[in-house]
Structure formats: C-alpha cells, structure tokens
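K.L.:
Based on the hints, put chains B and C in the right spot on chain A.
In order, the protein sequence lines correspond to chains A, B and C.
Numbering (the numbering used here) for the first sequence: 35 to 333.
Numbering (the numbering used here) for the second sequence: 80 to 238.
Numbering (the numbering used here) for the third sequence: 22 to 818.
It should be emphasised that the hints constitute simulated quantities derived from the structure, not laboratory data.
Heads up, some of the hints might be wrong.
To be verified - Stretches of chain A that chain B covers, calculated by requiring three or more beta carbons in the stretch to come under 8 Å of a beta carbon on chain B:
hint, region
1, 35 to 41
2, 72 to 85
3, 137 to 144
Claimed, not checked - Between beta-carbon pairs, the in silico distance windows are:
hint, chain 1, residue 1, chain 2, residue 2, range
4, A, R247, B, V199, 55 to 63 Å
5, A, R117, C, R462, 37 to 45 Å
6, A, G174, B, V199, 41 to 49 Å
7, C, D456, B, G135, 43 to 51 Å
8, B, G135, C, R79, 54 to 62 Å
9, B, A205, C, R462, 22 to 30 Å
10, B, T203, A, P209, 33 to 41 Å
11, C, K500, B, T203, 57 to 65 Å
Cβ coordinates follow ideal geometry from the N, Cα and C atoms, glycine included.
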Amino acid sequence: MKPVDFRYVRPLTAAEAIGALAGASGEGTIIAGGQSLGPMLNMRLVAPSLIVDVNAIPELRTIDETGQALRFGATVRQREAERSALVARRLPLMRDALPHVGHAQTRNRGTVVGSIVHAHPAAELPLVAVCLDAVVEIAGPAGSREVAATDFYRGYYEVALSADELALAVRFPAPALPSGVRRGTAFLEMSRRESDFALVGAAAQIDLDVRARRVTDVRLGLLGVAETPFRFRAGEALVRAASDPPAVFARTARAAADAIDPDADLHATADYRRAVAATLLERALHAAWLHALVAEPRA
Amino acid sequence: MSAYPVAITVNGKRVERTVPARRSLADFLRDDLHLTGTHVGCEHGICGACTVHVNGVPVRSCILYAVQADGAEVTTVEGLSPDGTTLSPLQDAFVECHGLQCGFCTPGMLMAATALLREVPHPTDAEIRDELAGNICRCTGYQQIVEAVQLAARAGAGR
Amino acid sequence: MIVEPPPSELRRHRFVGHKRRPVEDRRFVLGRGRFAADITLPHLHHVAIVPSRHAHARITAIDASAALALPGVLGIVTGPQLRARTKPLRQYLDIPGVDWFPLAGEIARYAGEWVVAVVATERAIAEDAVDLIEVSYDPLPAVLDPEAALDPASPSVHPSHPSNVLYRRTFVWGGVEADFAAAPRTLATRYRWHRSATVPIETFAVTAAWEPGTALLDVWASVQMPQFPEQIADALGIPLNGVRVHFDVDVGGSYGVKRGIKHAVLVGFLTRHFGVPVSFVEDRLENMRGGDMHGPDRIFDVTAAYDDRGVVRSLRIRTIDDEGAYPGRSPLQMGKPVGAIVGAYAIGSVEYEAIAVTTNKTGQVAVRGFGQAPTNFALELTMDRIARDVGVDALEIRRRNFIQPEAFPYVIPSGTAYDSGDYPAVMAKAAALADLSELQRWRAAARAEGRVAGIGIASCIEPGGGNAIFQALFNDNDKTTTFPESCQVKIDRTGAISAQIGIASSGQGHETLVSTLLGEIFDVEPDEIRVIHADSLAGLPSQSPVASRMAIVLGDATVGAARRLREQMLRIAAYDLGRAPGDCAWHGTTVRTKDASGERTWLEIARIAHLFYHRLPPGMEPGLQTQFVVEVPRGGTLPTPDGRVQMYPCHSFSAHVVAVEIDRGTGKLSFRKYALAHDCGTVINPDIVRGMVLGGVAHGIGAALYERFIYDADGRLLTQTLADYLMPTVHEVPLVEMVEHETPSPFTTLGQKGVGEGGYMSTPAAVVCAINDALSPFGTRVDHVPVTPVDLLERMR
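Just chain A, same shape as in the assembly:
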C-alpha cells in the first residue's frame, strides 16, 4: 500500500504554506501529525499532488496563554497537551479526553488541531472543542478568519475549511472560575478495544457554586451519535435549571436518547449507540458532579 507520488514542501512560515497550497489548485494537502493522513495516503483514499508539511513552522508549535484563553498551534502534539500542567489546570475536560485519543505512540506525532480538523465522527477533540466553544483560526489566500467550533462541523468528515486554507490554531476560552466555584469533568467512552475509536462517548463539565449548591455552568456532549459532534444544549438547560441536579441526571440521559438519531455500522447498531450514549452521559454527569464536589478550587 504505497501512495501515489506527490511533491513535497516543508515551508518555514505560514505564508509560504498558504502560497504552496494556492499553487496546487486545490490538489494540495497539509500534513501535520500524519496519523490520519498517512493511512489514507497509503491506501490511496486520497491522492494529492502536493503535500505541505507544516512541522517546521515555529509559530505553530506552542500552547500559549492569551488573555482568558489557551491557544494551541497547529503542530502541538497530543502528547504535549496530555502532559501540560496548563491544560490540566485550565482545560480539565481536554485533559480527561486526551488519554482516549489513539495510542501513546500516535499521540507522539498526532496534533490537537489536526484531530479537530480531521473531524472523525467518533473523535474526542472535536467534541471537546464544541463543548468548550473553541474557535478555529484559519489563514488562506484571502487572509485570516475565525470560525466557532460549533459552526465548523458541517457533516461526516466535512468542515468549514477549504482546500487552500490552513488551520493555524484552535483557541479555547479558559476564563478563571469565579471564587467559590468548582469545576468537575468527565469523559467516558465505549469502544470495542481499549484504544479503538469509540462507538459512542460522553463529555460532561459541571461548574458548581459549592456554597449555594447551584450549577453555574454545564457543558454536555456526545460523540459517535451523529455525523458531527453533538452538543446537548437541551440537557445543559435541564441541569442548570435543577435545584437538585443529580436528581435530573437520569432524565437528562433519557432526553439525550430521544434527541439523537445515530447511525448503524459495522461495529454497532443504532439502538446500541442510542442506549449506551444515554448510559454514558448519565455516568459522566454523576462523575463530573462528584469531581466538582471534591475538587480543589481552581484559580
């Protein structure tokens, strides 16, 4: 399984990368981590005439704190994010999701932004991006633009990024928690084997005003239940409105089952995905709640 032949460039600036893509008339592809693109190239599922390797562009390599956000450059490795104390502190939901992404080895090369842009329907990082209202920063021949993660996913592997554009970074809002508020997170998956793509998964983040025992913010999401990451806003509303949140977790999970219309495939039926998505969401809610109760208050 060898790819079709292609031309290869490894520019040193984003502008050069965009120029190279523009010159390839839509037949160019960016390579960053290569963990998704490599297999596709080898199996000739894609046949670009040009590969633009962005791994040598210095400004894409870092995780930066910018104001109230954490910004991941396009070539930040999943493994770096996994080990980052900054990510653990400021984006605990991503910290919970990362060990589920591929294998330890693939996380050595695979990138945070790459996974978000590749948009596999069962991938973890796109769901985290959608749940946390991340923003994708894009550069192209016409200049720069930004797209909210919630607008970024159009369909099965389809994103709002054209063939001549480069995703430079993804920015996650990470404002400091108000005083007295604790954050609990959980990310649960069901997969056939431990490190496989998930059949379904659930993400939950609960911000809890401990003294008032009131939920100030909640983020809920499901993966593997639709063509794109599923942000369950109706469920978030249910939980936020509840005076005794744990008492509504089961109902929230049932509402999720009613709100989704999953596909069947080789590995799972639609009914299975629906039932297990609900089960995992309920478990994630309880886990996030407990986590919030016992977590140290975060700055």
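P.N.:
Then chains B and C, alone, in the frame of chain A:
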C-alpha cells in the same frame, strides 16, 4: 517520479540519499539502508511493527515519509545493541523471559519499551500495558513481553 | 508467573524440562531475523494485484495499455495467460472441475479475487500500474450464505460441479439410534462460528528466481505448509527436483494460514515468464480480502442424548462449512475433529454429518487447530446446557462425563485411541489454581449487587502428531498414509554437532527443540549444537510443522538420529580400545571400559571417525553422520468403510476456568480471572510451552470477542484493514495463570505430546461458557462467536 535529497542520522550515523516523496521511513530504512530489522505489517499505522524512534520519540514509520525525517535522528532496533552483538538489558530480558516467538513484532515492541523505560525507569504494570497497547503481537499473548519489560526495569534498563 | 515444576521422576533429564533460553530469540531481538521480505536479489522485481470488484462476475475485457506504458513496468499477466501454462492448484476433495488458479479466468468468483498481476521495478510503480488497468465486468448473481448455498436454486459458484455442495457425508459410529431412543433427555442447539482467522502480523511474502542455467527454481517464502514444493512443481510443470524451497526463512507467524500456494505458483510463473527474480509481498488489503487465508465459517447443529444425571450417551453433530470460492485443503478441517469427536468425554456413539459448501467469498485455509476450535466450542457449550438442564454445575457435568484415567488407551467411537491422560486431575488443578470457591463467592456477591458476573469452565483435547489421514477419510481417491518427519545429524572432526531439519519455523522454537533433545541424548551443552534449516532438495521427507506435531515426530526423529550416532561412537571407541561394545559405557561424553582400564573422549572418537580410517571398525563408513526419518506414530492405516481410523497419536489436554463481568449499561466484558491447567506430556522447554499456550489463549480471545470477516450484501469484505478487523492488544488479554501437568505419551520416545493449538481450541469455549453463566439470570444465552457488546446488551434488557 519525485526526488528529494534527505540527510538523516540513523543509529548515530549520518546518511544522505535521494528519495521519492512517497517513500515511507520504514521502506527507506529497509530498502535504501538495508536495515531490515524494522518490519512492515499493515502500512496503516495500526500494528506497530514498524515502530522506530524519531528524535527520541517512538513513532510508526509506515505512516511517516522519509522526506519528513530529513534532518532528524532516527533509532531503529539495530541501534539498541551497543555493538551489534551485545544485547541491551531490555533485549536480554526479552530473551530471558521468552517475550517473543516469531520475532516479527519484536523490534516494534523493543522500541516502544525502550522509550518507556527511558522516561519511566520503574513503570507500573498499567504503564507498561498502556505503552505497548499500540503494538500487536499474535504469538505470545503479551504476558511474557510484559514480564520482560518488568525484568528489564528491575535490572535498571532505564538508566 | 509460577510454572509448576515437572514431577520429580522426570528430573532425571539434564536439559529436557528445564528452563533454557530459546536459541532463536537472540537474532530476533537484535533485529536480525531473516524474513521473506528481507531477502534481496539483483534485478528483483515486484508484484501488485488488480482485484475483482465484484463477488461474482464475468470478466469481459482487460485494458492494460496505459499501465504497460508506465516507466518501470515490466509487464502484466492475466488469468487466461497463466491458466494456459499452469495446472490448477491442488484440491483435496474429489471435485474435478472446481479449478483454482492464482488468477481468475473468465469468471471472478469473489470480490478481491486476483485478476491481473503487474510486475514492475518497484512495488509503488506496480501499484500505479494497477490503478491504470481497466477491467470490464458483467456482474452475476452471487451466493453469500452457507445455508443459501445448500439450496439447489442458488447461483452456481462452479458450474462444472453439480451444486454448491462440494462434500457431504454422514458418519455413524456406534448405536446412535438406539442410544437416542433409550435416553431420557435430549436437547438440540445451533451454533454459529463466524469467519475469522489467525491473521499473522507478517503477510504472506514469496520471492522466486528461475535460473535457466541450472533449470532450478529457487523459492523463499513465509510458509507453513505440507507439500509446498510438491504443489509448486506440479502446478508449474517443473520436476520436483527442479524446485528448491529455502526453509531457512524466518516466518513471521502463521498459526496455520501461511499456505500461500497460489502466491508461490504465481510468482514462480512470473519469474519464468519474465526472466527476472520476482517478489510478491502481500499488502494488508490483498491479504485480508484476496489471500485465501480465512478460517472456518461454520454452522453446527448439535443434538445430545443424555440421562437424568447428565451423562451423555450419544451425539448427533451436523456441520456446514463455508469454504468460499476455492476450497483447497480447508474442508479437511471438518475431518480432523473426527479424531476427537467426543472431546474428553466417554460418549458411546456419534453421528457426524460434514457438509462443505462453496460461496462467492475468499477461500478458507488451515487455521490453528484445523477445525478443532469450532468443534470444541459446540461440544463444550452443549455440555453446559446439559448441566443447566439436570441442575449441576459446569465442573460436575464434566466430572461425570470424563474418560477416566484408568481407561487409556481409550478408543473413541470414530476409531481413534487417545494415548493417555488424566482429565479429572488436570481439571482439579485448574479449579484449584483459579480458587473456584472464591470465584463462586465473588459471583454471588456481585449478583447480590445487581452486577452481571459469570464463571466458565471448558476442557479440550488437543490431538497432536499430524497423521493427516483425514485426507483419505474425505476422498476415496487419496490413499496417502505416509506423514513423515526427518532429522539429519552430524558430528564433525572437531566434535561439534550440527543438525539439519527440513522445515521453516514460525516461532515454535524448532532449533531449540532439536538442540535440547540432542544435548540430552549426547549429554552435551545444547547451546553448542547448531541446528539449520535445509532447503527442499537437501532436506528429507517432511510433513511441515502443522498439527502440533513437531515435538512428537521431529522429536522422535531427532532422538532416533542421536541414539544411532551415539551407539556408533561407542562401537568406534570399543574397537579402538580392543574391547567388545558390551564392555564399554558412556560416562558423560567419554566412553570408558566398564573395568575402567581405558577410555576414549568425544573428540578422540570424532577424529578417528573422520581422519583415522585404519582405526575404524571394518566396514564402517567414515565420518559421523546419520539421518533418521519417522512415520507419525500409530500411522499407516487407511480408514474403514464407515470412516473409523486412528487419527493423531497423542492427545494433550487443557482445562480452563474463566470469570467475567459484563457491564450492564454497555455490554463491555472484563475478565476477573483466567486460569488454566495444561498437560502436553513431557515438557521439553517450559517457556516455549507456556508461550504457545498463552499465545493460543490470546488468539482464542480474539475469536471469541473481536475478530470477524464481515461481508456486505454485495459480497464485499467490510473488514479489510486492521482498523476494522479487531485483534486483541495487550489490554484485551487478561493475566493468565497457568499450571502444568504431565501425563506422558506411551507412543513417543520421551513421552512428549504436541503443543501449540490447545489455547486457541479451548478459549472461545471457556469465554462463552462464562458469558452464558453470566447471562443465566436473564434467561438468555449466546451460541455464536464473536460475541460483541451489542450482543450482550441485547441479552441483558
């Protein structure tokens, strides 16, 4: 056919070749450098038989192209022995525990385990399993491989 | 990781049974294995394949003009070209007209079947050429289900054959009807063993070079197959002594499947056709969908007749096997189980109907166990159903039915005598190792909390020896009864020992086996003994390392050769000392007169043999070398007209105890405990035996829970890559505790039996028995493999 010059340091020795862009690092090592210890099992990044170190980090060489490794340092299984004959402590542990049978996945396992022990000289069972989860073996059922890594850790292989 | 030491009476061995580092391991950890794809030759060219897009279609046109114009492409070969100049590949059933060639002719019979072979200077260029070849097809209706294939109205896969049923025979051994009539209870179950295979990490690879100067075809292949050189020679029309298969190629795992005969014949044809050496290394797609390397794909209907205590009187077993489009040796996988058709149980009569059908899918091949794993699955699950019906537990039902230790050799209804065994003792060891009573407490506590927990117990007979008399059983025209193995040993003028074996190894440690045995007989350090793999011209008769046979037959050949040489050395020493051989004896590696008046050392004897002819006994050949060829023990008889025959000579045995828990909300299964007891007679190398058993268990877990070749409604393989065909990683295999027991075989030189297939034959049964125990509170069960979380969730609603 495309042709790109690459300069890669392999097992401490700098090599310069011209390769097509589409040649994987695995094929480059095997065919251009005749280092056939790195094996190809799937060519889609799943089985891990092709694992090598690139700049010290274990990666799948079947989905990395040689042109991408231009300027990098690559270590293969052939580079684990200090002189090509003496076994490293980890290699010795694999033989002591019979952590292999057909030998096809073995180079990948050794590269993954070597990286683990370098970073975590005394890994827990769970840490060993997590690191090796990306390498498939069909012969051993893994148990004797895990025992080999545990033995190597006790023998100070990570130092 | 405690492996129980062998019983004290066997400690008399100096090397056999003791820990010893396998000699092969060193080159593999250095990355210096020599696998088929590692072999380079000058002017080596490479092959890529155009596969059929359709499950069944007439091929109407092939346009390769663009491909042939590509720089680096040497040429292409189509099916009609190949078929005009080769003979069809061997069929073991009597099915004239069912012709199997490496390339499709006018009709493509499965999606993925090889249609055109491209030869180029590089594999990547050959693949570029494949993309440029246009094949036109007229699709035909396809048959994709084994029971549909039974219907005479189903689309015909091979029109030259009267139907899609390639083989059908019913065997009746013993008074089945009377036993059923007399039995108070019967129950019937249908089991489905879905298609999977042992899928090695190394795909099949073969390089062939035709040398016109010597009219010799050299072949290097990643192969595990009996009569591989014979079938190449036959198909290509070359004299058998014009084919040289190099067995010193390291094989990256096989577990049965690396037959590769169509790959080898194709490449052998190409090298002769194009006049350059040619190499074909299957890529993963070619392997999964078109390598003809799938395993058993079975439906079982089992009816058991038993009494109120659960003692089984009789069995009716009907099995349908979906061979795919081109059967080859695979249907015989319904024949080998005849040699252990009652498992470990004293069942008096059996009716066995075996049906092989052809469908429009890739072909089947031999898989670890050669049909015993699915058969044992059906048998063990039936025992558990019986247990539930009469109200006893899984351990007790087996105790009540086991063949007892004093009954050996025990002849089962189909004519095979089991050589030796102590099933109750091995089962008791497994139960003790598992701490069965603690597991039962755990299960009760878990169930009280509403959790889903179960314990499974399975036993398994592992026949060993490879008396492939099932060939004759399934084909009256096949009268082969010779299934040999050989060892050549020589001692050179420096006293160093070398041995030559005529097989390729795929991880079984044959070099270690042979050097250990030689070391034992000669009383020489085994690491000083060199074992090499001959090629097929220099080597002697062999049936290849299949059927858990090598410890048995290669073991016997090795011991025979060593004893013969040792006896010769003693005679040389005696003669040189002026004494009768009876007056002398070995002390270590020295021959000494019994009155201690004189001695000759090993080196002195070797030098006499090689250099001092005047000191040799008159008439003795110079040098020290011998060859020893054995027939499989107890082999050499054809089946009776009603299909009774002594199949394999030796019978290893395992008992597995498994505890599982199933997540009620997701159907995910996790292991609480996996313990087993294993008896392969005399153990030669404990680490190799342990590795074989644990590896078999992992394969079994794959078959039980993860692996399946899934086809869509159009007959296209959906699970073509390792992303969809799921093989267990380290996370999916639990810690397995293992204890050995040794019931030696009376039929081998050191009491050794076979090892290698037992884990795979036992584990699917043990795991699904545990699942069914876990599901019993719900009143549901599973009767198929693989069992998925979807299956489990459905059964817990």
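K.L.:
Run every hint past the structure and note whether it holds.
P.N.:
Outcome of the hint check:
1. Counting residues of the region 35 to 41 of chain A whose C-beta lies closer than 8 Å to any C-beta of chain B gives 7; at least three are required, and the coverage claim holds.
2. Given a C-beta distance limit of less than 8 Å, the hint that chain B covers the region 72 to 85 of chain A holds, as 6 residues qualify and 3 suffice.
3. Here's how the region 137 to 144 of chain A fares: 6 of its residues keep a CB closer than 8 Å to some CB of chain B, so the rule of at least three is met and the hint holds.
4. The hint said 55 to 63 Å for the Cβ distance between A/R247 and B/V199, and at roughly 41 Å that hint is violated.
5. Between A/R117 and C/R462 the Cβ separation comes to about 42 Å, which falls inside the hinted range of 37 to 45 Å.
6. Roughly 42 Å separates the CB atoms of A/G174 and B/V199, a value that falls within the hinted 41 to 49 Å.
7. Our hint of 43 to 51 Å for C/D456 and B/G135 holds, since their Cβ atoms are close to 45 Å apart.
8. In this structure, B/G135 and C/R79 meet the distance hint of 54 to 62 Å, their C-beta atoms being roughly 56 Å apart.
9. One distance hint, 22 to 30 Å for the beta-carbon pair B/A205 and C/R462, holds here, with the actual separation near 26 Å.
10. The hinted range of 33 to 41 Å is satisfied by B/T203 and A/P209, whose Cβ atoms lie roughly 36 Å apart.
11. The supplied range of 57 to 65 Å is met by C/K500 and B/T203, whose beta-carbon atoms lie about 60 Å from each other.
The structure shown violates just one earlier hint, number 4.
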